[in-house]
Amino acid sequence: MSKYEYSWLSAREFKPGREFVSAGSCNLLSAGCDLVDTKKLIKLFSVFFKIGAFTFGGGYAILPVIQREVVDKNSWLTEEEVLDIFAISQSIPGVISINSAIYIGKKVAGIPGAVFSALGMILPSFIVILAIASLIMNLKDNEIVDRFFTGIRASASALILLAAIKMSKTAIREKWGIAVAVVSFILVVFLDVHAIWVIIGGAVCGIAYGLFEKRKRSCK
Amino acid sequence: MLPMIYQELSKFGLTMQEFSDVVAISQMTPGPIAVNAATYIGYKAAGFSGAAFATFGVSLPSFILIMIIASVIVKFKSSNIINSAFKGIRPATVGMIASAVVFFANTSIIDMSLIEQGLGKVFNIGSIMIFVITIAASKLTKLDPISLTLIGGVLGIIFL
Numbered sequence: 022m023s024k025y026e027y028s029w030l031s032a033r034e035f036k037p038g039r040e041f042v043s044a045g046s047c048n049l050l051s052a053g054c055d056l057v058d059t060k061k062l063i064k065l066f067s068v069f070f071k072i073g074a075f076t077f078g079g080g081y082a083i084l085p086v087i088q089r090e091v092v093d094k095n096s097w098l099t100e101e102e103v104l105d106i107f108a109i110s111q112s113i114p115g116v117i118s119i120n121s122a123i124y125i126g127k128k129v130a131g132i133p134g135a136v137f138s139a140l141g142m143i144l145p146s147f148i149v150i151l152a153i154a155s156l157i158m159n160l161k162d163n164e165i166v167d168r169f170f171t172g173i174r175a176s177a178s179a180l181i182l183l184a185a186i187k188m189s190k191t192a193i194r195e196k197w198g199i200a201v202a203v204v205s206f207i208l209v210v211f212l213d214v215h216a217i218w219v220i221i222g223g224a225v226c227g228i229a230y231g232l233f234e235k236r237k238r239s240c241k
Numbered sequence: 010m011l012p013m014i015y016q017e018l019s020k021f022g023l024t025m026q027e028f029s030d031v032v033a034i035s036q037m038t039p040g041p042i043a044v045n046a047a048t049y050i051g052y053k054a055a056g057f058s059g060a061a062f063a064t065f066g067v068s069l070p071s072f073i074l075i076m077i078i079a080s081v082i083v084k085f086k087s088s089n090i091i092n093s094a095f096k097g098i099r100p101a102t103v104g105m106i107a108s109a110v111v112f113f114a115n116t117s118i119i120d121m122s123l124i125e126q127g128l129g130k131v132f133n134i135g136s137i138m139i140f141v142i143t144i145a146a147s148k149l150t151k152l153d154p155i156s157l158t159l160i161g162g163v164l165g166i167i168f169l
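The listed protein sequences correspond, in order, to chains S and Z.
First residue of the first sequence: 22, per this note's numbering; consecutive thereafter.
First residue of the second sequence: 10, per this note's numbering; consecutive thereafter.
Estimated spans, in silico, between C-beta atoms of each pair:
1) 67/S x 16/Z: 33 to 39 Å
2) 167/S x 141/Z: 18 to 24 Å
3) 235/S x 129/Z: 50 to 56 Å
4) 70/Z x 214/S: 21 to 27 Å
5) 194/S x 129/Z: 38 to 44 Å
6) 215/S x 141/Z: 31 to 37 Å
7) 234/S x 81/Z: 23 to 29 Å
The following residues of chain S were derived to be distant from chain Z, with all beta-carbon distances above 10 Å:
8) 63
9) 66
10) 237
For lysine to aspartate or glutamate, the following EDC-like pairs were computed, each having C-alpha atoms within a straight-line distance of at most 20 Å:
11) 64/S x 153/Z
12) 86/Z x 101/S
13) 151/Z x 93/S
14) 53/Z x 27/Z
15) 84/Z x 101/S
16) 94/S x 153/Z
17) 148/Z x 93/S
18) 196/S x 234/S
19) 86/Z x 102/S
20) 237/S x 195/S
21) 86/Z x 105/S
22) 84/Z x 105/S
No lab work stands behind these hints, which were simulated from the structure alone.
A virtual CB, placed ideally from N, CA and C, is assigned to each residue, including glycine.
Given these sequences and hints, build the entire structure.
If you want it as structure tokens, here you go:
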């Protein structure tokens with residue numbers, strides 16, 4: 022546990038530095054910070070290339086890897102920022118993993134960052150599918166492939182569970198947050214409610230609680 | 010999403026058989042299913058450049074939308090309403106992430122379609138072991154999530 026605590030702290034501490042590097046005028050064309058930015062872009066590309074190449078099932082399967090690479094290892098964003106990006110990525114049209122790659126890239130290194138992250142995320146599947154489509158590889162109805170993917174799903178569910186537990190520590194600060202999380206879970210799992218409604222519901226609860234707090238304070 | 014993809018692509022002469030092949034292949038290869046489908050169908054329709062254009066097309070809307078949303082959110086960052094909205098959105102997102110656990114656990118750790126054969130059949134002991142091993146390895150070792158999932162896959166080949 023102490024490992025996680027430490028990395029969460031260090032992500033916080035590095036935040037000012039990160040903002041400094043990525044702030045304002047730094048872009049691909051300006052000579053002064055060319056080196057820093059190019060390095061960062063290549064790093065973004067390679068992180069998302071790895072995610073694109075090795076995460077199966079899409080969507081939330083990328084969350085544990087994002088947490089590790091973006092928050093813990095590179096301290097590009099805080100846990101809270103990643104959580105917000107996921108909330109937005111799943112409530113708008115498009116593919117969750119591409120949406121979040123673009124958003125993270127944009128936050129870390131502006132528009133070039135978004136382009137490099139998206140390319141990194143897309144390229145592995147592009148290459149693999151091209152290979153399959155042109156070679157007509159027969160992956161289907163293969164007993165071994167089937168077992169491999171059942172194993173992957175089992176360990177992915179474990180990793181996402183750990184990611185959710187870790188995220189809940191930053192996301193849920195008050196008791197009503199637990200209720201929101203539980204209700205969201207039930208709505209999605211048992212009633213098949215679309216993400217956008219869950220997000221809107223959460224936002225309404227948050228705003229209502231904010232107003233309630235303000236009123237309580239002004240009454241005192 | 011899948012029915013919509015099929016509906017649109019049948020205009021290009023995609024058959025149901027081909028479509029179910031694409032879906033099956035997408036589930037077996039890394040990466041998002043929509044990108045995989047776009048690449049495959051683009052290639053079948055117009056070769057390499059078809060694949061490139063289709064993939065570009067499937068990701069461009071995301072790009073534009075995110076750019077707009079990111080700049081709007083930055084503008085309202087200090088707004089109290091947005092901040093308290095996010096205080097509610099964050100727990101809701103955690104709830105949805107937890108629901109993804111159920112999504113991945115279903116058909117691996119548990120398989121509700123087997124409930125008629127008795128409660129014991131629903132749980133897959135091998136998968137539960139992989140689940141437990143993954144949690145233990147993640148807590149006790151420094152292995153990253155990618156290696157852990159691949160190990161899970163290999164254990165699946167051996168034990169399931």
